[in-house]
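Participant: Each chain is listed here by its residues.
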Amino acid sequence: MTIRNTIRDHGQRFRPRMACLKKAEAVLLEMQDPKTGVKSQPQRLVITTIPHAIMGEDIVAWLADRFNTDTQEARSLGCMLVAFGYIYPLQDHKRLVLKPDTSLYRFQTPYFWPAQQWPVEDTDYAIYLAKQNIRKKGILDLYEQEQYSRLHKWMNHKWDFIVMQAKEQYRAGKERKKPDRVVFDCQERAYWVVHRPPPGTVSAMDYGLNRLVDPNAEEVKGEKHYTKTPDFYERIMIFTQQSIMRPRVKSSVSIGAMVKYCTTYKNHDPFLAQCLPSNPWVTDDVTYWTLNMTNVEIPTKMRVERWTFSFGELLSDPRGRDDFRLFLKKEFSGENLAFWEGCEDLKWGTAATMKDKAQQIYKTFLARGAPRWINIDGKTMEVTVKGLKHPHRYVLDAAQTHIYMLMKKDSFGRYLKSPVFKDTQKKAISPDQHQFSEGQLEQNAKKRRPSLSPIALRQREEEQRAKMAASGPVDITQLCRFTAPVPHLSVYSGISDPPSANASPPLPFLSHTPACPSPISVAIDSTPASERRGGGNAAREGGGEYNAEGGGGSGGGVVAGSKSRVALSLGRLLKRGCAPSAVFASLSPKCPAPASMSSRVQPISTDQPAQAPPRRIANFFQIKVDIPPECRIYPIDSEEEEEEEVDSRRGSRGGEGTKEIICPWESLTPQDGTG
Amino acid sequence: MPLVNNKVGDDVTGETDKALVDEQALVESLMKVVACYKHLASCVGGCTDTLQLRNELRQTREKAQSLAVACCQRLTSRLRDKSLPEEDRREMELLWVAFSSGLELLHVDLCKVFGMANNFCLTNTDAFVQTGMQGGGSKVAARALSLPDLHASPSPALPDSLEAQETSTMEQEIHRVDCMIEDMELKVNVLRWTVEPRGGRGGPEAGDPLSSSDSVSVTLLSLQEEGQERGGDPPHRHVFMALLLCGAALVVATLSICIVLFS
Chain D
1 MTIRNTIRDH
11 GQRFRPRMAC
21 LKKAEAVLLE
31 MQDPKTGVKS
41 QPQRLVITTI
51 PHAIMGEDIV
61 AWLADRFNTD
71 TQEARSLGCM
81 LVAFGYIYPL
91 QDHKRLVLKP
101 DTSLYRFQTP
111 YFWPAQQWPV
121 EDTDYAIYLA
131 KQNIRKKGIL
141 DLYEQEQYSR
151 LHKWMNHKWD
161 FIVMQAKEQY
171 RAGKERKKPD
181 RVVFDCQERA
191 YWVVHRPPPG
201 TVSAMDYGLN
211 RLVDPNAEEV
221 KGEKHYTKTP
231 DFYERIMIFT
241 QQSIMRPRVK
251 SSVSIGAMVK
261 YCTTYKNHDP
271 FLAQCLPSNP
281 WVTDDVTYWT
291 LNMTNVEIPT
301 KMRVERWTFS
311 FGELLSDPRG
321 RDDFRLFLKK
331 EFSGENLAFW
341 EGCEDLKWGT
351 AATMKDKAQQ
361 IYKTFLARGA
371 PRWINIDGKT
381 MEVTVKGLKH
391 PHRYVLDAAQ
401 THIYMLMKKD
411 SFGRYLKSPV
421 FKDTQKKAIS
431 PDQHQFSEGQ
441 LEQNAKKRRP
451 SLSPIALRQR
461 EEEQRAKMAA
471 SGPVDITQLC
481 RFTAPVPHLS
491 VYSGISDPPS
501 ANASPPLPFL
511 SHTPACPSPI
521 SVAIDSTPAS
531 ERRGGGNAAR
541 EGGGEYNAEG
551 GGGSGGGVVA
561 GSKSRVALSL
571 GRLLKRGCAP
581 SAVFASLSPK
591 CPAPASMSSR
601 VQPISTDQPA
611 QAPPRRIANF
621 FQIKVDIPPE
631 CRIYPIDSEE
641 EEEEEVDSRR
651 GSRGGEGTKE
661 IICPWESLTP
671 QDGTG
Chain A
1 MPLVNNKVGD
11 DVTGETDKAL
21 VDEQALVESL
31 MKVVACYKHL
41 ASCVGGCTDT
51 LQLRNELRQT
61 REKAQSLAVA
71 CCQRLTSRLR
81 DKSLPEEDRR
91 EMELLWVAFS
101 SGLELLHVDL
111 CKVFGMANNF
121 CLTNTDAFVQ
131 TGMQGGGSKV
141 AARALSLPDL
151 HASPSPALPD
161 SLEAQETSTM
171 EQEIHRVDCM
181 IEDMELKVNV
191 LRWTVEPRGG
201 RGGPEAGDPL
211 SSSDSVSVTL
221 LSLQEEGQER
231 GGDPPHRHVF
241 MALLLCGAAL
251 VVATLSICIV
261 LFS
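The listed protein sequences derive, respectively, from chains D and A. Just so it is clear: in the first sequence, position 596 is 596 by the UniProt record's numbering, and no numbers are missing. Just so it is clear: in the second sequence, position 55 is 55 by the UniProt record's numbering, and no numbers are missing.
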């Protein structure tokens with residue numbers, strides 16, 4: 001309004017609507033009523049008395065009475081009025097709080113009220129500072145001096161005007177009577193404390209960004225603004241049609257859902273329930289935040305309770321996810337979570353790395369014989385693989401949802417009953433409520449420090465992830481059949497791709513675990529495979545779907561141990577190129593599933609026998625185990641080998657297999673069983 | 001006064017100088033009126049808001065308008081004059097900047113008073129905020145109108161139509177100022193950021209030496225703070241001042257005795 005800018009610069013310069021101001025004005029007018037308002041008294045100064053001073057405790061009492069609340073609430077309301085500048089303190093004018101004692105306040109004149117439509121101009125502030133300068137002969141507060149210099153720099157062209165106007169205002173002020181002059185000076189000073197707060201204080205006028213649209217302007221200037229073209233009506237029609245087509249839910253159902261949500265979460269809401277130990281925004285004590293950090297060892301009871309609400313809650317809390325991962329590792333079904341995380345990574349990652357990530361995920365989780373093969377149904381697999389020909393961010397969405405539902409329906413329930421979770425629950429801490437005195441609160445306020453920068457946090461996360469990945473992925477699920485696991489040696493499997501090969505942070509594999517001392521005994525003692533994702537096992541074995549060697553499939557899931565015994569013998573078998581399925585069926589008594597494998601996975605076996613027996617051992621495991629030389633497994637060289645895939649597929653490389661996972665979109669020859 | 005231009009020259013330049021001085025005087029009086037208007041506006045809605053205040057506001061406003069119009073015409077015509085010498089042009093631009101900024105301030109104040117007058121209607125004086133002002137004397141308005149004194153016209157009754165009239169008048173005036181500002185922008189293209197101010201930093205050296213009455217108000221303000229904390233210590237203050245005076249008197253007496261003795 002003041003700066004006439006004939007150029008339409010579409011700048012954001014309007015303060016957002018602050019509805020509370022109008023309400024505060026109404027309250028204030030009631031308060032100042034000489035008959036029914038707060039009782040006022042004259043303020044005695046050295047030479048004169050100035051009327052209409054009110055005491056803090058009177059204000060609080062009046063507010064409590066008027067709004068029928070307790071004194072704490074009335075005090076907060078009073079503080080708000082002071083913070084907005086409707087009442088200003090006469091002593092300690094820089095601290096805009098309401099002290100419920102005999103300290104004096106006065107009402108601000110309406111000219112200096114904060115109002116929506118009167119923005120606070122820097123020119124006025126410059127004039128005010130110049131006036132202060134004149135009065136106090138150059139003794140300004142430090143922050144005022146800084147502001148003064150800044151304004152002098154930015155408004156240099158107006159500076160003559162500013163000084164002139166300051167002098168004129170000063171002289172005009174002198175025409176007033178002394179007490180009035182004092183009052184006016186106080187009023188002006190209070191106004192500027194509100195709108196240009198001293199550093200380190202919190203301003204009630206903080207409203208974030210300026211808006212593009214003037215909230216006081218009319219929204220639609222009547223009919224003149226819109227011309228009623230057919231297009232206009234068409235838009236209205238589309239809008240109403242879409243409103244009709246929206247899916248509807250019965251209000252009883254939706255209200256029921258809301259009620260359920262509220263009852264579940266009401267103890268966890270820091271506004272409605274006490275925050276243990278104390279709410280940092282209120283008491284300036286950050287214990288609550290340190291206790292709830294992402295990588296904390298022992299979570300709080302409230303946090304653990306939250307995990308039980310839903311699977312989504314568990315996954316979205318990093319500490320919960322860690323716990324879940326630990327549980328899955330013990331169950332040997334960590335690849336689901338790993339796949340899910342990989343998909344999240346793909347969705348939220350940078351566009352440049354997307355293609356690589358998609359490939360990586362395919363090779364690790366989805367391809368035939370993948371080391372961490374996940375169990376999704378054929379239709380989804382089909383859709384996904386087709387989509388992977390032209391990968392985009394959401395190409396793995398269907399598979400991810402499938403796996404998510406699988407985890408939710410299956411593993412989540414077991415997790416909640418598992419010893420891992422029960423242990424965490426038992427160890428969770430519940431801190432006591434803080435009791436801070438006023439003095440301690442002030443101390444806390446002084447000791448406020450900024451938190452770690454998000455850049456530093458992100459770097460730390462990346463380092464951790466890199467470390468985890470570098471230490472080698474662990475999935476005891478996939479154990480090489482060829483190895484004779486020596487009990488004392490650690491066994492792990494998985495893709496040995498060095499993390500540096502990828503542009504994106506590597507998939508978070510399970511961390512290296514020490515070997516089960518006797519995998520065999522573990523297998524025997526453990527619960528029968530049927531209870532644990534037997535389907536997954538079968539599919540994996542049958543993910544010997546494509547090869548006699550049945551590299552990846554041999555993981556045989558959970559029952560790692562059961563394979564170990566037969567591993568050696570299998571190796572020999574494979575060399576002889578026996579048919580896979582029968583072998584597996586006979587050799588793995590604990591896995592009843594092989595029979596069903598064909599239903600899960602499209603067997604490739606049709607053309608298996610036709611191929612030369614010692615097909616490449618599609619074995620992707622890097623196993624730090626003493627293995628017989630003939631069964632030495634070599635690490636996969638994914639990137640470099642791709643061009644050779646076509647050849648090596650047919651080529652027989654004897655015992656030295658390079659593992660190739662054929663990405664369907666790369667190979668030129670028609671793939672078997674990939675679709 | 002930073003804008004005084006002391007030029008000595010021949011008649012022609014003397015004339016232009018005179019014109020320049022005239023314009024400067026106009027702008028300065030506009031500044032004065034704007035400042036006074038602001039002071040008056042700060043009382044609106046407070047306990048000193050009376051019919052008289054509104055009258056004063058109106059009169060000040062009218063004076064400001066007439067000054068603004070005169071100033072505008074003269075400055076515009078001068079600045080559009082292509083044959084203006086360079087130095088004169090710079091002076092004119094300075095005046096122009098001062099004038100336009102002053103006009104903007106006036107516009108803001110007009111809008112504020114308009115809004116407040118709508119909310120605080122004179123018929124319901126109870127709603128006026130008890131600000132601690134005691135009013136009295138129309139010295140500020142007198143200063144604005146450059147009159148030695150302002151006699152309050154006794155008008156006990158407040159005709160209803162007056163309010164409505166005021167509102168419409170104010171709207172018109174605000175609109176007029178609006179138009180003036182816009183016209184100014186269109187007619188004269190002064191690049192504000194190229195204008196160099198004459199004054200210095202406007203820091204301590206730009207301050208007037210405080211007169212004694214103001215030092216009192218300064219001390220009043222600071223005392224207000226300390227005094228309240230101590231629960232008011234006037235007696236001690238008085239004693240201290242008395243002691244100081246006695247000490248000064250003693251020193252003077254001793255000196256005079258010495259002079260007498262040694263002369």
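Source of the hints: derived by calculation from the structure; they are not laboratory data. All C-beta atoms in this analysis are idealised placements derived from N, C-alpha and C, irrespective of residue type, glycine included. Some hints here could point you the wrong way.
Each computed DMTMM-like pair below joins lysine to aspartate or glutamate, with the alpha-carbon atoms no more than 20 Å apart [stated by the list, open to error]:
1. 139/A with 185/D
2. 153/D with 126/A
3. 23/D with 126/A
4. 467/D with 284/D
5. 447/D with 345/D
6. 63/A with 185/D
Which chain A residues stay away from chain D? Per the calculated CB distances, all over 12 Å, these [claimed, not checked]:
7. 20
8. 31
9. 97
10. 113
11. 141
12. 260
Now the stretches of chain A that chain D is said to cover, found in silico as 3 or more residues with beta-carbon under 8 Å [stated by the list, open to error]:
13. 32–44
14. 78–90
15. 99–106
16. 187–195
Participant: Starting from the hint list further up, note which numbers the structure goes against and sort them upward.
Facilitator: Going through the list in order, the structure violates hints 2, 4, 5, 6, 8, 9, 10, 11, 14 and respects the others.
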